[in-house]
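Chemist: What follows is each chain in one-letter form.
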Amino acid sequence: MKCKGRDYMKVSEIAGILEAELLTGEENLDMEVHCACGADLMSDVMAFVKENVVLLTGLVNPQVVRTAEMMDIKVIVFVRGKKPDEKVIEFAKDKGITIFITKHPMFIACGKLYSSGVTGRGVWD
Amino acid sequence: MGLSNSIIRQNYIIPADDFSLAGEASSSVKKMLNQLGVPPKTVKRVSIAMYEAEINAVIHAGGGTADVAIDKEKVLITINDEGPGIPDVELAMKEGFSTAPDSVREMGFGAGMGLPNIKRYADKLDIKTEVGKGTRVQITVLL
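The listed protein sequences correspond, in order, to chains A and B.
Quick note, the first sequence lines up with residues 1 to 125 if you use my numbering.
Quick note, the second sequence lines up with residues 1 to 143 if you use my numbering.
Please note that a few of the clues may not be correct.
[What the hints assert, rightly or not] Quick list of simulated restraints, FRET-style, between CB atoms:
1) A:115 / B:71: 46 to 56 angstroms
2) B:90 / A:80: 18 to 28 angstroms
3) A:112 / B:128: 43 to 53 angstroms
It should be emphasised that the hints constitute simulated quantities derived from the structure, not laboratory data.
What you are looking at is a predicted structure, and each value in this text was computed from that prediction instead of being measured.
Glycine included, each C-beta is placed from N, C-alpha and C at the ideal position.
The task is simple: from the sequences and hints, build the whole structure.
Modeler: If you want it as structure tokens, here you go:
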């Protein structure tokens with residue numbers, strides 16, 4: 001993947017591109033992201049093997065955070081302006097996972113990241 | 001890695017009805033493996049395989065138990081339930097085949113990827129099941 005000549009993009013840059021609001025997890029803003037996964041099915045996310053992933057999803061329940069925990073995914077972006085409840089945010093905070101919300105729908109959010117250079121893909125068997 | 005010849009054993013109850021809490025046992029095992037110094041990629045494989053099996057026990061069988069045994073060669077996870085059993089294991093192993101209700105699908109599961117994902121990440125998967133009695137899913141990940 002090339003992000004304007006680099007092979008990564010910082011979490012803070014991703015937030016900027018998606019005009020996303022940070023809900024928790026400021027500590028990961030400088031982290032490098034190598035690729036993105038957009039899915040509403042958590043088992044599909046778990047078939048996705050790659051490191052330094054940002055997860056975009058329209059699902060806002062605690063199992064999204066749990067899936068991210070198992071997958072070592074440190075950044076979740078909730079699309080379509082969906083806001084998770086406080087319990088989900090607290091759960092993510094506890095696990096050191098960053099949560100953003102963006103008003104953009106899934107397709108547009110993925111498109112914006114892709115056209116900014118986040119073109120790396122995971123390995124699907 | 002900090003494992004001697006001894007075996008570490010842990011048992012967990014997988015609670016029945018609280019889907020929002022499902023995954024506690026897998027989370028606890030993940031933490032333990034990290035503390036033991038198991039390589040992150042291996043930890044991830046164990047975590048995902050066990051989490052999918054745990055979710056399955058919650059979705060299909062009203063919970064169950066998880067037994068974890070770790071020695072210097074492998075992690076062995078045994079998930080037992082007393083649910084309805086799997087009538088056709090070969091069919092259940094197919095990607096996309098699912099008997100989960102819509103309520104589960106709304107939570108992001110039940111897409112027919114659970115068992116295939118477990119197989120993908122485990123070195124060995126053994127399923128013993130009897131209709132009306134229950135299922136034992138045994139996952140081995142080599143260290």
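Chemist: Take the hints in turn and mark each one as holding or not.
Modeler: Going down the list of hints, with the structure as the test:
1. A:115 / B:71: 46 to 56 angstroms: holds, 49 angstroms
2. B:90 / A:80: 18 to 28 angstroms: The hinted range 18 to 28 angstroms is violated for residue 90 (chain B) and residue 80 (chain A), with Cβ atoms some 38 angstroms apart.
3. A:112 / B:128: 43 to 53 angstroms: holds, 48 angstroms
Figure legend: structure checked against the earlier numbered hints; the only hint not met is number 2.
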